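Put chain C on the given structure of chain B with help from the hints.
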Amino acid sequence: MSSDILELEVKLIERVLEKREEIISEAEKKAREIINEARERRMKTITEGREDQRRITGSDLKAIRDKILGEAEREGRRKIMEMRHGEISRVFSEVENRLRAIAEGKDKSVDYHEILLKLISEAASAVGEKELLIAVNKKDRRYLKDELGETERHICKALGYNIKLTIEDEPVDCLGGVILYDHSKRKIFYNTLEARLEKARIEMGAEVARVLGVI
Amino acid sequence: MEVKRYIEVSEKLTKLLEEAEKEAREIIAQAEERAEKMVAEALEEAKTMRLRAETGEVLGELEEEAQKAAEEEAKEIRREYDKRLSRLKEIPQERFQKATDLILRKVLLR
Numbered sequence: 008m009s010s011d012i013l014e015l016e017v018k019l020i021e022r023v024l025e026k027r028e029e030i031i032s033e034a035e036k037k038a039r040e041i042i043n044e045a046r047e048r049r050m051k052t053i054t055e056g057r058e059d060q061r062r063i064t065g066s067d068l069k070a071i072r073d074k075i076l077g078e079a080e081r082e083g084r085r086k087i088m089e090m091r092h093g094e095i096s097r098v099f100s101e102v103e104n105r106l107r108a109i110a111e112g113k114d115k116s117v118d119y120h121e122i123l124l125k126l127i128s129e130a131a132s133a134v135g136e137k138e139l140l141i142a143v144n145k146k147d148r149r150y151l152k153d154e155l156g157e158t159e160r161h162i163c164k165a166l167g168y169n170i171k172l173t174i175e176d177e178p179v180d181c182l183g184g185v186i187l188y189d190h191s192k193r194k195i196f197y198n199t200l201e202a203r204l205e206k207a208r209i210e211m212g213a214e215v216a217r218v219l220g221v222i
Numbered sequence: 168m169e170v171k172r173y174i175e176v177s178e179k180l181t182k183l184l185e186e187a188e189k190e191a192r193e194i195i196a197q198a199e200e201r202a203e204k205m206v207a208e209a210l211e212e213a214k215t216m217r218l219r220a221e222t223g224e225v226l227g228e229l230e231e232e233a234q235k236a237a238e239e240e241a242k243e244i245r246r247e248y249d250k251r252l253s254r255l256k257e258i259p260q261e262r263f264q265k266a267t268d269l270i271l272r273k274v275l276l277r
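Protein chains in written order, with this note's numbering: chain B, 8 to 222; chain C, 168 to 277.
There may be inaccurate statements among the hints.
[Unchecked claim] Lysine to any residue pairs mimicking SDA-like chemistry, simulated, CA-CA at most 20 Å apart: (1) 152/B x 188/B; (2) 36/B x 205/C; (3) 273/C x 104/B; (4) 74/B x 248/C; (5) 189/C x 38/B; (6) 250/C x 91/B; (7) 51/B x 199/C; (8) 125/B x 195/B; (9) 18/B x 180/C; (10) 69/B x 51/B; (11) 86/B x 240/C; (12) 189/C x 25/B; (13) 235/C x 73/B; (14) 137/B x 189/B; (15) 265/C x 93/B; (16) 113/B x 264/C; (17) 265/C x 96/B; (18) 182/C x 15/B; (19) 273/C x 18/B.
Bear in mind the hints are in silico, worked out from the structure with no lab data behind them. Since the structure is predicted, the reported quantities are computational estimates derived from the model, not experimental observations.
Isolated chain B (complex conformation) (with noise of 0.2 Å):
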């Protein structure tokens, strides 16, 4: 045999190993191909079928998760609310404080007298009444009692016509203000510090709020 079909025969058988090699290895190939595509196919119809049970049960399902969010929303809004409530209350429990002070004649920022007589005013105004029976706490009675033909002119000025005032025996306990009462008793005015801090706050809480940025 010569060297040259030896040579021949040699490179034949390679050739078709490599054949044989490149046949399989295509083979295999295309399997995985169909493999992977199978797996896709599987995934999707999987969840094809988790979505059509979601359908199915979707209102059960929605109304699950429309109470666990409704409730933490409702818990979210009572903190926030609640604690708006507290911020206001400590806005007012500072006034409380500041209007003790002012009334006490302990905050020389504020003539107190001057505000007595505006309150007292506003009250006769409102009464509309010429005899007014007028009740202060034990602090401002003794000064209204030292002051009241000044404090009727005043009040006479202020409302374009003659009134008289007389003081109440019993002082009331309040932090200051007036209570005002036509002669009979069947008008009366609450204008004590409490009574206008009270209105404030049902009238105000908003506006404080705001005022606050707690909204």
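Showing chain C alone in chain B's frame:
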């Protein structure tokens, strides 16, 4: 003599290639069979899932799942509210003072 030997080798190599092709077909057939089984099982599973949903059998399981997911969302909502709460709590003193003065003016007719 040499020609005869060459023919013999050629025949063996041809057979080798035929066997390789047969093996390749088997590999693909096995893969197809496996794939078909996988898809069939998945279809069956999806069908069972739908059936369980329709009969209400799966409701508990899904409810539990929905509950878990919603609780996670709820945690996020609570976190957001807590953050907002912390922000709101930081009231500057001047705002507090301004609110106090506002009420005082109203109460004292100033």
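Now the hints, each set against the structure:
{"no.": "1", "hint": "152/B x 188/B", "in the structure": "17 Å, holds"}
{"no.": "2", "hint": "36/B x 205/C", "in the structure": "18 Å, holds"}
{"no.": "3", "hint": "273/C x 104/B", "in the structure": "15 Å, holds"}
{"no.": "4", "hint": "74/B x 248/C", "in the structure": "17 Å, holds"}
{"no.": "5", "hint": "189/C x 38/B", "in the structure": "14 Å, holds"}
{"no.": "6", "hint": "250/C x 91/B", "in the structure": "15 Å, holds"}
{"no.": "7", "hint": "51/B x 199/C", "in the structure": "18 Å, holds"}
{"no.": "8", "hint": "125/B x 195/B", "in the structure": "17 Å, holds"}
{"no.": "9", "hint": "18/B x 180/C", "in the structure": "12 Å, holds"}
{"no.": "10", "hint": "69/B x 51/B", "in the structure": "24 Å, violated"}
{"no.": "11", "hint": "86/B x 240/C", "in the structure": "18 Å, holds"}
{"no.": "12", "hint": "189/C x 25/B", "in the structure": "16 Å, holds"}
{"no.": "13", "hint": "235/C x 73/B", "in the structure": "13 Å, holds"}
{"no.": "14", "hint": "137/B x 189/B", "in the structure": "8 Å, holds"}
{"no.": "15", "hint": "265/C x 93/B", "in the structure": "17 Å, holds"}
{"no.": "16", "hint": "113/B x 264/C", "in the structure": "19 Å, holds"}
{"no.": "17", "hint": "265/C x 96/B", "in the structure": "15 Å, holds"}
{"no.": "18", "hint": "182/C x 15/B", "in the structure": "19 Å, holds"}
{"no.": "19", "hint": "273/C x 18/B", "in the structure": "110 Å, violated"}
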